[in-house]
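K.L.:
Chain by chain, the residues run as shown.
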Amino acid sequence: MSNVVRDGWAIARKDLLIEFRSRTAIFSAVVFTVLVLLVFNFGRDPTAVATIDLAPSILWVTFTFAAMLALNRAFQLELENQALDGLLLSPASRLSLYAGKLLANLVFVAAIEALGLPLFVLFFNVALGPALVPLVGILALATLGFVAVGTLFSAMLVRTRFAELMLPVLLLPFLLPPLIGAVQVTAKLLAARPLSEVSGWLKLLAAYDIAFVTLAALLFPYTVEE
Amino acid sequence: MLRAEGLSHAFGGARALEDISFTLTGGRTLAIFGPNGAGKTTLLRVLAGLIKPQRGRVVLEDGGTAGRGAIGWIGHQAHLYGHLTVGENLRFWAALYGLDAARARARAGELLARLGLADREHQSVRTLSRGQLQRAAIARALIHDPSVLLLDEPFTGLDLRAAADFRALLAELSAASRSTGRIVVMATHNVEEGVELATDIAFQAQGRFVRLEPRAGRPAAEIAAEYRKAVLGE
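Chains S and X, in that order, are what the protein sequence lines are. Its first residue numbered 1, the first sequence is counted upward by one per residue in our numbering. Its first residue numbered 227, the second sequence is counted upward by one per residue in our numbering.
Keep in mind the hints are simulated off the structure, nothing from the lab. Check the hints yourself; a few may be wrong.
Claimed, not checked - Short derived list, chain X residues pointing at chain S, Cβ under 8 Å:
no., residue
1, Phe248
2, Leu276
3, Ile277
4, Arg294
5, Gly295
6, Ile297
7, Trp299
8, Gln303
9, Ala304
10, Tyr307
11, His309
12, Ala321
13, Leu322
14, Gly324
15, Leu325
16, Phe392
As the list claims (entries may be wrong) - On the chain S side, residues computed to face chain X include the following (Cβ under 8 Å):
no., residue
17, Asp7
18, Ala10
19, Leu17
20, Ile18
21, Arg21
22, Ser22
23, Glu80
24, Asn81
25, Asp85
26, Gly86
27, Leu88
28, Leu89
29, Pro91
30, Glu226
Computed from a predicted model, the values in this text were never measured in an experiment. The C-beta atom is built at its ideal place from N, Cα and C for all residues, glycine as well.
With the rest of the complex left out, here is chain S:
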């Protein structure tokens, strides 16, 4: 187990260092986030639909599609000089490879969310106040689930043509449960309702995380073997 942590950390650190140097995906994701929030801000009619009704969906649609950019890039960077073969040749287990990629993707998506959340508050004039801490918790809970599944699909598609197009098509149906749950919980939080009203959704998010992180870790070796 200590080897999984050591190797996973080495892989995640390497991925983040490459992203820090190249800044390609993070730049695209941030520009995407700003543009979507900007378009929704100016495109909506606040007299027709209340901001509080619209904002949670906009927030999660924005973060989901911005995260796709991270997930697409996760294994694409292993195609340069066929580094993926090097990883598979090394004694690092497939589990540590998955753990490393998952960790790097989580950090990447968390960075996008950390930049996007203040913009969301600014554009939609949402008073987060006491909802901030629980909202951060919901962001973490939902993000873990969809990044776990996304990392698996990203590995599965990396050697296929049109991987960038295929990823959203295949992934989005699997993301519906955590996304619906996250939108529901966010809506209640922004309306200053107690979390007890959404305990069912919270349980669903937690169950999704446990089930899909486990399943993805178990299935991952089959996606990278020839």
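Position chain X against the provided structure of chain S, taking the given hints into account.
P.N.:
For chain X alone, kept in the frame of chain S given last:
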């Protein structure tokens, strides 16, 4: 000792390997010659454990380090990350092979000095020439001091001068392997490029070994003529 026992593999209906068997003891260098599509790369990938053969098995006995950690791979792809420096790449791979930071740094420095890349340690891989990239790939492949070294068309993409330099490096490596007991298996379609490095030679065509024998000091021209006759039918 590296032993291949009855290896067979097909991709869909296309047979890539057909009943390949051989044994190599420590210090031997096997050069496998064959035209494109003969199954050389598939054989190396099976030996490396990247492909599980449909029949047969690979046995590696080297006194305790058998398994993926015992293999080093040099191909026409360097397995290096362009946005990292040469040193960062080597230290990353060393970490995956279980070397601690101090040992990784020392081993990387030693290899880079030996391969004439000491002044490139802090240079981004993206900015290396093809010849330098191939030498960095050797350093990466040797970082964990593997007991088996697999070379897949290692001269691909090198110009004449870089290929000559690289051949000299491989000759040095092959000679060192004889004293350290490392096994080297090289696959190439170019007999002249690889024959001087070999202690054993094999001709591969349509997935089969049509010949496997010790080189026994025969000159390259003689082996090249035999290859053209046995494999290309000239």
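K.L.:
Each of the hints needs a verdict: does it hold here or not?
P.N.:
Hint check:
no. : hint   : in the structure
1   : Phe248 : violated (21 Å)
2   : Leu276 : holds (6 Å)
3   : Ile277 : holds (5 Å)
4   : Arg294 : holds (5 Å)
5   : Gly295 : holds (4 Å)
6   : Ile297 : holds (6 Å)
7   : Trp299 : holds (6 Å)
8   : Gln303 : holds (4 Å)
9   : Ala304 : holds (4 Å)
10  : Tyr307 : holds (6 Å)
11  : His309 : holds (4 Å)
12  : Ala321 : holds (4 Å)
13  : Leu322 : holds (4 Å)
14  : Gly324 : holds (7 Å)
15  : Leu325 : violated (11 Å)
16  : Phe392 : violated (17 Å)
17  : Asp7   : holds (6 Å)
18  : Ala10  : holds (4 Å)
19  : Leu17  : holds (7 Å)
20  : Ile18  : holds (5 Å)
21  : Arg21  : holds (4 Å)
22  : Ser22  : holds (5 Å)
23  : Glu80  : holds (6 Å)
24  : Asn81  : holds (4 Å)
25  : Asp85  : holds (6 Å)
26  : Gly86  : holds (3 Å)
27  : Leu88  : holds (6 Å)
28  : Leu89  : holds (6 Å)
29  : Pro91  : holds (4 Å)
30  : Glu226 : holds (5 Å)
Of the numbered hints stated above, those contradicted by the structure are hints 1, 15, 16, listed in ascending order.
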